[in-house]
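All chains should be built: construct the whole structure from the sequences, respecting the hints.
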Amino acid sequence: MVQDDIESESSWFKDTDDGPPPGRRQPGVAKKGTGAQVSVTVDERQPLVGSADDEEVVLARWRGRWVFPAWLLMCFSTGPTYSMMRSFVPASLQTIAHELGHPKARPGARCRPRGDDCYIYVGRTEVQFSAYVLYMRALYTSIEGLIAIVLMGLADFSNYRKWLMALSIVIYGALATPFVGLQAKTYSTLIGMSVLYCLMLCCNTIYTITEGSYIPVFMDMARMAAAREVADSTKANVAASVETRTVAEPVNPMLRRGAKVSVLGLIMGNLGSILAVLIGIIITYSRGKPQAEGYSAFLLTITIAGCMTMVLGSIAALGIPAVHGSPFPFDPQENKLVTIFKFPFRRFMHILRDLTHYREALKYVVAWVLWNIAYSNFMQLFQLSFRATLGSAADKEYFVWQLMTSVIACVGSLTWMAVFRHFSAQRTLHAQTRLLKLCLYIMMVVGVIVNLWGSLGASARVPIGFKHRWEFWLFQVIYVSTSSAIRSLNRVAYSAMLPVGRENQYFGLEIMLGLATGWSQSLLVSVIQDRTGNARFPYIPNTVLLLVSLVFYYWSDLSRGMLAAGKAELHRHVAQDAS
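Number 572 marks the last residue of the sequence shown (the numbering used here); no jumps.
Treat the hints with care, since some could be wrong.
Stated by the list, open to error - Below, simulated DSSO-like cross-link-like pairs (lysine-lysine); rule was C-alpha separation at most 27 angstroms, straight line:
{"no.": "1", "residue 1": "K97", "residue 2": "K178"}
{"no.": "2", "residue 1": "K460", "residue 2": "K97"}
{"no.": "3", "residue 1": "K460", "residue 2": "K389"}
{"no.": "4", "residue 1": "K389", "residue 2": "K178"}
{"no.": "5", "residue 1": "K430", "residue 2": "K356"}
Unchecked claim - The following label-pair restraints were derived from C-beta to C-beta distances:
{"no.": "6", "residue 1": "N527", "residue 2": "L345", "range": "35 to 43 angstroms"}
{"no.": "7", "residue 1": "W463", "residue 2": "P171", "range": "36 to 44 angstroms"}
{"no.": "8", "residue 1": "A177", "residue 2": "S279", "range": "21 to 29 angstroms"}
The set of hints was computed from the structure by calculation and includes no laboratory data. From a predicted model like this one, the values you see are computed outputs, not experimental measurements. Beta carbons are placed, not taken as given, at the ideal position from N, Cα and C, and that holds for glycine.
Structural data, given as structure tokens:
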């Protein structure tokens, strides 16, 4: 039995000298010559190694003592800047827009400290100050979609995946460092900060794709270890003339290992966020009044977080093994630069056609994309509504509120991991997938109820709907905890249905689809808030979007998806041997 927990040496494989039984090709195992070799980093048609010795070198590199801790440190390094980009950069933009704004009916007056009646001029057009931030996000999302198309097409054909990830993280942190110099609340500062926000979102796309693509690699290694152990056990029994039979499907370590990798990666990112926000709390509570110092504390905290990301990301990159890609398919009759330029778009069309063979993965990724759009919109609206409702005097409280967001996210992910690993122990693969879906349905229903609650606030006659301080604190706990668990669950389930060696392109597909469609939802939310001046109206389309995603989740079949990707082959082979 493969151990489910991480060994003290962070070993992800069982040491073995023998390969799989002759005449059988395990999933992810490429047959070449007389031996079958494991190919966990490239397309099945391009095996990484050509001999047993080469295979042992690769496996030894990945079961190194510092590989998994280095990946976790990489996840931790992005947490500080990500929390700043998600929460404090939009808050800073909102602060500048509020300072430059005026009430709708009184262009020469200043905006009141609280409320949504505040508009700024963008060109000759008046834009509601919170809607300005949403418009920026919708605009930049379309640029991110183009980056995702290029990256998902090229990354799997490069031997520099880890350096691409490391470089994007370092640049990500570097873009946060100039914020401390943007103290003036002027239109030029607003434009400069908006550009930096755009560039940070673009770098976030690159590292998210490359970082997430390591999860199916770790999962596949656990599956390969199980395959090798089964093969060794079978050979030993045959050699000893022992007949073995089983009536039950063996336990699959892949989903349980994936749950641990996914959850710990998110938790490390949240811990990085917690550290950065704690620094911000120390800064803001050691200064003067929040009205005077809150904005300045935001900018200083963003800069410190960027420095943390650069230093820690550079250190973590040293411990992560390189992931070798397939040879790039150059056309001898075409210029290489032309081929490289065209290839991402050709690859994108190929992926769309290829998804006809992985229909369950397609259904699931559509559900994930819709949920992620709804989740991102909710968090953006929720944070902007907090500051608009409670005013600039609550800047100190905003730091504590954001700290609780990161803490609750950690607790939510850890709780789901503990529940799933406890109840999935010694269960068959089919039973594990049913448990996974049950957890998903329960948490999705919670998300729908929270969004519906916010929708009630669209009516001025309803006294609830994110109009009071206690609502922001209560629903923060409920929504953030369940959403964090859903994020972990989605990465596990989707990774289990990805074909081996195509992790970058399919994780890139999820992000690209989200960006290609998410800008329209963000734009819709921006227009609704801008035209109505009501921060609660956008929760109505968000509730509908969550219900649609729930339908797609119900429609997808995880077991069939894993079988299509070759991830359930181990169990089918073992069952045949035992019969």
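Has the given pair, K389 with K178, been kept, meaning a C-alpha gap of at most 27 angstroms? 19 angstroms, holds
Honestly, do W463 and P171 meet the 36 to 44 angstroms range at C-beta? Taking Cβ atoms as reference, W463 and P171 lie about 37 angstroms apart, which means the hint holds.
Hint says 21 to 29 angstroms; check whether the CB-CB distance for A177 and S279 agrees. Cβ of A177 to Cβ of S279: about 23 angstroms, so the range 21 to 29 angstroms holds.
Are the Cα positions of K430 and K356 separated by 27 angstroms at most? Cα-Cα ~14 angstroms, so holds.
Please work out if K460 and K97 have their alpha carbons no farther apart than 27 angstroms. 21 angstroms, holds
Between N527 and L345, does the beta-carbon spacing fit 35 to 43 angstroms? Once the Cβ atoms are compared, 39 angstroms apart, the range 35 to 43 angstroms for L345 and N527 holds.
So if I understand the rule, the pair passes when the alpha-carbon distance is 27 angstroms or less; does K460 with K389 pass? Holds, at roughly 19 angstroms.
Given the hint that K97 pairs with K178, does the C-alpha gap stay at or below 27 angstroms? Satisfied, since the Cα-Cα distance of roughly 20 angstroms is no more than 27 angstroms.
In this structure, none of the earlier numbered hints is contradicted; all agree with it.
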